[in-house]
Amino acid sequence: MSYHIAVCAGIVPDPLQTLEPVSGPQGPALKNEMMLPAVLDPWAAHALYEASHLAKNVPGSKVYLVSLAPKAKLQQVLMTMAQKVAFELVALDGPSSGFTESADVASALAAAIEAIPGLDRSQLLLFGGWESAARAAGTTLAMVGERLGITEQFQGVDALKVGADGSLEILERVEGGKHQVSVCAGAPAVLGWATGSLPEPPNSPQTGMQNMRTVMPALQKAKPAQVGAHAFLSVSLPKQQRTTRIVKDVPAAEVAREIAAWIRGS
Amino acid sequence: METILVLLHPDAEGAIAKAGLEAIAAAHGLGGEVIIGLVGGNAAGAAKVIGGAGRVLAVEGDAFSQSRYATDAAAAQALVAASKAGIVMAPATSRWSRCLAGVAQRCGGRIDSHITAIAPEGVTRWYYRQRIEATFTRAELPWFLLLESGAASAWQGAPCDGTFERIAVEAAPRTEVKGVVSPGAGEQTVKPEAELLFVAGAGWTKKQKDGAAHVERAGELILGIVRTAGASLGSSKSLVDLSGEGQAVLPFLSHLNQVGQTGSTPRHPKGLATCCHGEEPHVVGWRFIQDRRAVNLDANCGWARGKADVLYVADAFEVMEELNRLLA
Chain A
84 MSYHIAVCAG IVPDPLQTLE PVSGPQGPAL KNEMMLPAVL DPWAAHALYE ASHLAKNVPG
144 SKVYLVSLAP KAKLQQVLMT MAQKVAFELV ALDGPSSGFT ESADVASALA AAIEAIPGLD
204 RSQLLLFGGW ESAARAAGTT LAMVGERLGI TEQFQGVDAL KVGADGSLEI LERVEGGKHQ
264 VSVCAGAPAV LGWATGSLPE PPNSPQTGMQ NMRTVMPALQ KAKPAQVGAH AFLSVSLPKQ
324 QRTTRIVKDV PAAEVAREIA AWIRGS
Chain B
12 METILVLLHP DAEGAIAKAG LEAIAAAHGL GGEVIIGLVG GNAAGAAKVI GGAGRVLAVE
72 GDAFSQSRYA TDAAAAQALV AASKAGIVMA PATSRWSRCL AGVAQRCGGR IDSHITAIAP
132 EGVTRWYYRQ RIEATFTRAE LPWFLLLESG AASAWQGAPC DGTFERIAVE AAPRTEVKGV
192 VSPGAGEQTV KPEAELLFVA GAGWTKKQKD GAAHVERAGE LILGIVRTAG ASLGSSKSLV
252 DLSGEGQAVL PFLSHLNQVG QTGSTPRHPK GLATCCHGEE PHVVGWRFIQ DRRAVNLDAN
312 CGWARGKADV LYVADAFEVM EELNRLLA
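Protein chains in written order, with the numbering used here: chain A, 84 to 349; chain B, 12 to 339.
Derived from the structure by calculation, the hints contain no laboratory data. Ideal Cβ positions, reconstructed from N, Cα and C, are used throughout, including at glycine. Certain hints may be false.
For lysine-lysine, the following DSS-like pairs were computed, each having C-alpha atoms within a straight-line distance of at most 27 Å [said to hold, decoys possible]: (1) Lys29/B - Lys59/B; (2) Lys261/A - Lys189/B; (3) Lys218/B - Lys331/A; (4) Lys322/A - Lys281/B; (5) Lys145/A - Lys167/A; (6) Lys167/A - Lys139/A; (7) Lys59/B - Lys95/B; (8) Lys306/A - Lys156/A; (9) Lys244/A - Lys261/A; (10) Lys281/B - Lys244/A; (11) Lys167/A - Lys154/A; (12) Lys304/A - Lys156/A; (13) Lys331/A - Lys95/B; (14) Lys261/A - Lys29/B; (15) Lys331/A - Lys220/B; (16) Lys189/B - Lys29/B; (17) Lys217/B - Lys331/A; (18) Lys114/A - Lys156/A; (19) Lys281/B - Lys261/A; (20) Lys154/A - Lys304/A; (21) Lys217/B - Lys281/B; (22) Lys306/A - Lys145/A.
Negatives, chain B to chain A, calculated, CB over 10 Å [as the list claims (entries may be wrong)]: (23) Gly43; (24) Ala150; (25) Ala165; (26) Ile178.
Could you put the whole structure together from the sequences, leaning on the hints where they help?
In structure tokens form, the structure reads like this:
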């Protein structure tokens with residue numbers, strides 16, 4: 084038993100950047116979008132770490148990183164990510180904007196996965212983030228799974244345990260901070276990861292060198308993806324400015340009394 | 012106007028959650044014919060409660076009583092086909108959020124989630140994790156919409172005779188649902204029902220006035236407030252990342268506590284941030300906190316100014332020592 088794990092992961096602006104929407108020829112975009120530092124989508128990155136962990140524990144398994152992004156930006160992001168875990172890159176050249184159509188992205192990703200040479204669809208685990216930090220809709224991965232004919236799908240996954248019989252025990256986030264426990268008979272399955280439980284792996288120059296042998300050719304071969312957007316009526320930043328009362332030069336005991344009264348609702 | 016199908020999953024007693032009633036009200040606000048689609052649970056009981064909202068279709072059976080992609084998707088697909096709806100609405104529960112994108116794919120439609128407002132001219136949702144808001148419309152049908160709680164007021168109507176049409180669906184899932192588990196301790200994750208969200212920032216782990224870090228005492232003070240005030244515990248990303256890297260930093264914090272751009276955006280009436288310094292990514296976690304106060308040492312903190320209602324410029328260790336004593 085071994086798995087072919089395809090991890091769908093886009094790139095997003097570094098969360099520390101200030102974002103401002105602008106109108107572009109293809110619809111809404113971010114101001115200076117191509118200049119903003121980018122990172123691999125955080126939840127998808129967790130999916131990649133979990134995929135690597137699973138592949139290490141199940142001999143013969145292989146991890147594919149499938150990404151649709153402007154390839155120059157993707158190359159920058161992979162300079163760091165390629166040092167973290169081993170993978171084979173499948174790259175598509177196209178916009179990574181959150182305003183693009185998720186059905187178009189799903190179509191392109193599914194076609195790219197189907198075209199992976201030697202992919203065993205019966206042992207395919209399709210990983211990704213349960214939502215991105217861009218569109219944040221949580222819809223793309225499920226549509227990719229449907230296009231690949233996978234009807235066992237899980238979203239908000241925090242843990243995966245493989246049984247001796249190849250069954251998959253999965254914990255999914257549900258309402259009230261709880262987890263639903265399900266047991267799937269085995270691959271193929273779709274797992275949209277939340278944070279999982281693994282820390283970010285340390286950088287390994289050796290892994291980076293190994294990955295870059297396949298990353299650069301994959302980026303050069305990246306096919307352009309046709310991704311559109313629907314009709315936006317308005318795109319804006321939330322306008323919410325509060326009048327902040329500053330309390331300073333007041334003893335800590337007095338501050339505590341005021342906060343205690345506020346907590347008690349008196 | 013297109014026919015609107017509202018998908019709901021009643022519980023075993025036939026009760027519909029408030030978010031489901033809000034979806035019904037939102038559908039009626041659009042003006043088309045409204046059809047209710049029930050999956051699992053006690054359809055007969057639910058039909059008596061919401062039958063006044065429109066024609067009711069239901070997929071019943073043991074296999075459909077559990078939240079599972081294969082069965083929920085098959086049921087929703089059958090209901091969409093039976094209703095011939097152009098618009099399909101559902102509350103953004105974990106159950107519908109898991110399966111409806113796949114159903115939209117099967118039906119050749121489009122889907123939008125996290126809808127916060129809906130009107131005949133378009134729908135509104137957030138992008139970039141609550142940092143940009145957009146209103147838009149679509150021509151493609153069927154159009155699936157997952158509504159956030161609070162997008163409409165709850166539908167109210169008189170009970171009726173509970174008539175409904177049963178839709179037969181075959182499903183052979185390969186997944187067995189074993190149940191639901193909760194994290195062991197109350198402070199292990201954000202508690203949705205809590206009145207107060209207490210957010211611990213990275214400042215708790217930094218060197219204090221005496222030149223030393225007091226992580227152990229910080230942990231005692233934070234947990235003290237969380238327990239005495241019955242608060243939900245949130246954390247900034249930096250603090251969670253430190254614990255994820257295996258450092259001995261507030262070990263009770265996990266990614267489940269993380270609020271903000273890459274964490275959750277919880278909804279509580281009150282929020283108290285302590286030792287938090289940051290800009291937009293942090294504010295994202297507070298988008299739905301109504302009454303916000305902060306304690307930190309920087310009067311010009313970019314996060315607190317203009318975002319919090321009250322900023323106490325004080326030493327959080329000293330304030331929380333006293334607050335623990337007052338709330339005990």
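Hints, verified against the model:
{"no.": "1", "hint": "Lys29/B - Lys59/B", "result": "holds, 16 Å"}
{"no.": "2", "hint": "Lys261/A - Lys189/B", "result": "holds, 13 Å"}
{"no.": "3", "hint": "Lys218/B - Lys331/A", "result": "holds, 21 Å"}
{"no.": "4", "hint": "Lys322/A - Lys281/B", "result": "holds, 20 Å"}
{"no.": "5", "hint": "Lys145/A - Lys167/A", "result": "holds, 15 Å"}
{"no.": "6", "hint": "Lys167/A - Lys139/A", "result": "holds, 13 Å"}
{"no.": "7", "hint": "Lys59/B - Lys95/B", "result": "holds, 23 Å"}
{"no.": "8", "hint": "Lys306/A - Lys156/A", "result": "holds, 15 Å"}
{"no.": "9", "hint": "Lys244/A - Lys261/A", "result": "holds, 18 Å"}
{"no.": "10", "hint": "Lys281/B - Lys244/A", "result": "violated, 38 Å"}
{"no.": "11", "hint": "Lys167/A - Lys154/A", "result": "holds, 19 Å"}
{"no.": "12", "hint": "Lys304/A - Lys156/A", "result": "holds, 15 Å"}
{"no.": "13", "hint": "Lys331/A - Lys95/B", "result": "violated, 62 Å"}
{"no.": "14", "hint": "Lys261/A - Lys29/B", "result": "holds, 19 Å"}
{"no.": "15", "hint": "Lys331/A - Lys220/B", "result": "holds, 17 Å"}
{"no.": "16", "hint": "Lys189/B - Lys29/B", "result": "holds, 26 Å"}
{"no.": "17", "hint": "Lys217/B - Lys331/A", "result": "holds, 21 Å"}
{"no.": "18", "hint": "Lys114/A - Lys156/A", "result": "holds, 16 Å"}
{"no.": "19", "hint": "Lys281/B - Lys261/A", "result": "holds, 22 Å"}
{"no.": "20", "hint": "Lys154/A - Lys304/A", "result": "holds, 10 Å"}
{"no.": "21", "hint": "Lys217/B - Lys281/B", "result": "holds, 26 Å"}
{"no.": "22", "hint": "Lys306/A - Lys145/A", "result": "holds, 22 Å"}
{"no.": "23", "hint": "Gly43", "result": "holds, 20 Å"}
{"no.": "24", "hint": "Ala150", "result": "violated, 8 Å"}
{"no.": "25", "hint": "Ala165", "result": "holds, 17 Å"}
{"no.": "26", "hint": "Ile178", "result": "holds, 19 Å"}
Hints 10, 13, 24, counting from the list given before, are not met by this structure.
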